[in-house]
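Under our numbering, the first residue of the sequence shown is numbered 420, with each subsequent residue one higher.
Do not rely on the hints blindly, as some may be mistaken.
No more than 27 angstroms apart at the CA atoms, straight line, and that leaves these computed lysine-lysine pairs for DSSO-like [as the list claims (entries may be wrong)]:
(1) K713 / K601
(2) K712 / K601
(3) K715 / K728
(4) K715 / K601
(5) K619 / K601
(6) K787 / K680
(7) K787 / K601
(8) K712 / K728
(9) K721 / K619
(10) K728 / K713
(11) K728 / K787
(12) K790 / K713
(13) K619 / K712
(14) K680 / K728
(15) K787 / K715
(16) K787 / K712
Restraint-style ranges between C-beta atoms, simulated for each label pair [to be verified]:
(17) A731 / D836: 48 to 58 angstroms
(18) G789 / G684: 23 to 33 angstroms
(19) K568 / S543: 45 to 55 angstroms
(20) P724 / A564: 45 to 55 angstroms
(21) G684 / R626: 19 to 29 angstroms
Everything labelled a hint here was simulated from the structure, so no lab data went into it.
Note that CB positions come from ideal geometry on N, CA and C, so glycine has one too.
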Amino acid sequence: MNGWVRRGIAACLCVCTAVAGFSGARAEKRREAVQDTPELASAGQGRVAAAAGGTGAVAGNSREIERGVQWLIAHQLRDGGWGQGDESLDMGTNAEMAALRDRSNVADTSMALLALARAGHTPSRGAHRDAALRGVHYVLREIEASDEKSLAVTSVTGTRVQAKIGSHVDTFASLLLLSELKAAMPDAESNARADRALAKVLRKVERNQTADGAWSNQGWAPALTQSLASKGLNRAAQRGAAVSDETLERAERKAQGDYRKGGAGDAAAGVELYAGAANLGAMRDSVRTRETKKDKWAAEAKAEPASPKAVAARRALEQTALVEREADDAQRSLVARLADPSFVRGFGSNGGEEFLSYMLVSESLLAKGGKDWEQWNAAITQLVQNVQNGDGSWTGHHCITGRTFCTAAALLVLMSDRAPAPTASRLQHG
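Input sequences plus hints: build the corresponding full structure.
This is how it looks when you write it as structure tokens:
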């Protein structure tokens with residue numbers, strides 16, 4: 420990555436800042452009204468903390484992160500979840516979407532809780548641990564109430580996020596959430612409950628995966644949710660949950676196949692940023708999981724060289740090397756495109772899809788490290804910080820425009836350096 424990349428992102432920044440300023444001014448009165456609605460259970464808590472001079476700030480969090488966290492806390496609903504929140508006025512209004520503004524759903528709630536966790540607030544630690552616990556309890560209730568066989572984890576349907584990136588985004592977002600929060604509940608009983616819910620989601624995901632590594636997941640750009648699914652599966656394995664090797668390998672082959680096809684197909688809505696971020700994200704997550712197994716495979720390959728176990732181990736090591744080379748190729752291809760502002764803009768302006776893509780790119784580059792990561796992180800941090808709204812939230816300006824998803828995803832971009840690293844000692848093999 421070089422100066423051309425920084426200039427490409429800077430050009431994108433100019434456009435996105437202008438859009439944010441225009442739309443933010445039009446929505447200011449609506450924001451003020453929403454912050455005072457009685458459905459917002461934690462709004463009073465946030466105001467009291469601010470009035471007392473304490474906002475639950477965490478050392479190391481930037482001002483932008485703290486403001487985003489406070490916005491999320493102020494907009495938590497009475498049942499512990501988050502709805503999609505205010506949408507851009509450019510999306511128009513209808514009765515169904517208006518009703519979903521303040522109705523909790525699993526995808527938006529999971530994204531909000533992931534952002535809170537990265538900011539230092541989990542169900543067992545941080546100034547907002549109670550809010551985080553209430554949020555996780557909402558997600559657990561939805562999962563527990565779902566059936567055993569289908570891919571669905573919630574009865575709430577018709578949300579903007581589902582329509583745009585996949586009808587089962589709630590399933591994969593909750594998979595990632597529960598994987599990251601494994602062992603983060605306040606006591607043994609609640610950890611066991613969360614583990615049961617995670618195991619149930621994993622059974623659903625494994626049962627409903629198709630032979631080509633995908634899932635029935637209709638939407639405008641389901642490639643992004645496919646990558647989220649792969650991230651959730653790999654994160655679960657990295658955190659010690661039992662995940663089927665076959666499920667992981669199918670998802671891996673799906674990402675490799677999509678990368679080899681090149682371009683951006685219908686699953687990425689024809690947007691090359693979405694395709695590149697999704698494919699690289701899934702491939703890099705798979706590499707990180709495989710890396711935790713390399714020592715084990717190397718030992719098995721040497722112990723009894725002629726045994727079936729040793730043969731399988733050598734094959735796994737060869738495949739790991741191939742996947743890593745291909746992930747490196749995908750990264751080089753994507754980094755080369757980051758100099759093009761039209762590529763970085765994605766669909767043309769910031770939507771939740773762009774923020775999610777930036778998160779996938781950031782976490783992928785972080786895993787490899789070096790100048791690509793450092794220069795991208797500096798540039799994308801500036802872009803995201805400069806389009807933050809005055810109230811601490813972020814708004815999309817096409818497709819996913821709800822403030823909850825956009826705020827959470829933007830925060831995850833700013834905190835991508837805190838993405839959990841896999842630990843070999845935790846890994847189970849399915």
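Among all the numbered hints in the text so far, which are the ones the structure does not match? Violated hints (numbers, rising): 9, 11, 14, 17, 19; every other hint is consistent with the structure.
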